Structure formats: C-alpha cells, structure tokens
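Trainee: Sequence:
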Amino acid sequence: MASGTTTKVAPAIIVGCGRVGRALQDLGNGDDVLVKRGEPVPIDFEGPILVYTRNEDLEAVLDATPKSHWSDLVFFQNGMLEHCFESKGLGDADQVLAYFAVSKLGEPPTDGKTDTNPEGLTAAYGKWTAAVPARLHAGGLSCNEKNQLHMVLEKEPFHKQMLEKLI
1 MASGTTTKVA
11 PAIIVGCGRV
21 GRALQDLGNG
31 DDVLVKRGEP
41 VPIDFEGPIL
51 VYTRNEDLEA
61 VLDATPKSHW
71 SDLVFFQNGM
81 LEHCFESKGL
91 GDADQVLAYF
101 AVSKLGEPPT
111 DGKTDTNPEG
121 LTAAYGKWTA
131 AVPARLHAGG
141 LSCNEKNQLH
151 MVLEKEPFHK
161 QMLEKLI
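Numbering-wise (full-length UniProt numbering), the sequence shown opens with residue 1 and increments by one.
It cannot be assumed that every hint is accurate.
Claimed, not checked - Pairs of lysine to any residue, SDA-like flavour, derived with a Cα cap of 20 Å:
(1) 104 to 54
(2) 36 to 63
(3) 104 to 53
(4) 88 to 63
Simulated from the structure, these hints should not be mistaken for laboratory data. Quick caveat, the model's predicted, so the values are computed rather than measured.
Sequences and hints are given; from them, build the entire structure.
Mentor: Structural data, given as structure tokens:
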C-alpha cells in the first residue's frame, strides 16, 4: 500500500502492532515508528502518536509516553473514554471513530461503507486530524464529508457520532 502512494502522509509513531496498527503503518510512507506493548514511546519524534490498543492497555500507553508528548496522542479507541481521558488531564484528547476493519494481519483494511452511508463514517477530532485523513486516504479509505475523503469534526458533532456508534 505505502509503496504505491503519492499522498503526503505525515510520519507517525504507531502504538499497537496488531492487525490495525500494522495496517496504519502500511498506509504510511515508510517513515513511521512502530511501538510494541511495553516499549517506550520515543521522546525525540515530532508528529502524531497513533494509539490503537485495547482500552485496558491505555494506562500503560500513557506510562510509556513522555508527558510532553501527550498532546500528540491520537486515540483510535472504541467506547466512551472521556472520563478516563479527563482523569488523566487529557480532556481534549485527539480521537478517531474508525469505521474500518482488518480481518487478518497483513491484509488491507476494509472500509466501513454501507448502503445507508456509502460515503463512509470515519471521523476525527483534535490537533492531528489533518494527518489522520491523509493517512486513511492513502489506503483508499473513504469517510463522510461531502466531496472529501475524510471528516474532521468539532467536539460536539464528534461526541454525537461517538454516541451513535455505541448504540
């Protein structure tokens, strides 16, 4: 995937090397740093830190990330984690509602398009939201903003869509 892309994709640290973490890495241009469970997040990296781990591993991710880089964290988590984020001082944390899946390690992601939402539903919120759509677009993943391949939302509409995803 990455080798054929001409889209400018910002280098990122990717925390989580399962199916989705590896797929996010494959959507990049080869400049990403993959961090496995328990490994420290590099302190000398400038860019987004894409977190795709189990919710119960979030505490360990924060412990492994220098506090000076917490504002670079972008959480690809399912669930309403605002209370967790607020308790850690991350009330305005970057988040992505991912409507794509990776069925097997090494396979490309499958977009979450439906007949009802053929434009896709993936949405992003926060400081690094411009970097997230560029990466997803590089892999041919579409999202739901008119005439664009991503959707960047303000906090309130993002929160509404998060609730809809959980229902």
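Trainee: Tell me, in ascending order, the numbers of any earlier hints that this structure violates.
Mentor: Going through the list in order, the structure violates no hint and respects every one.
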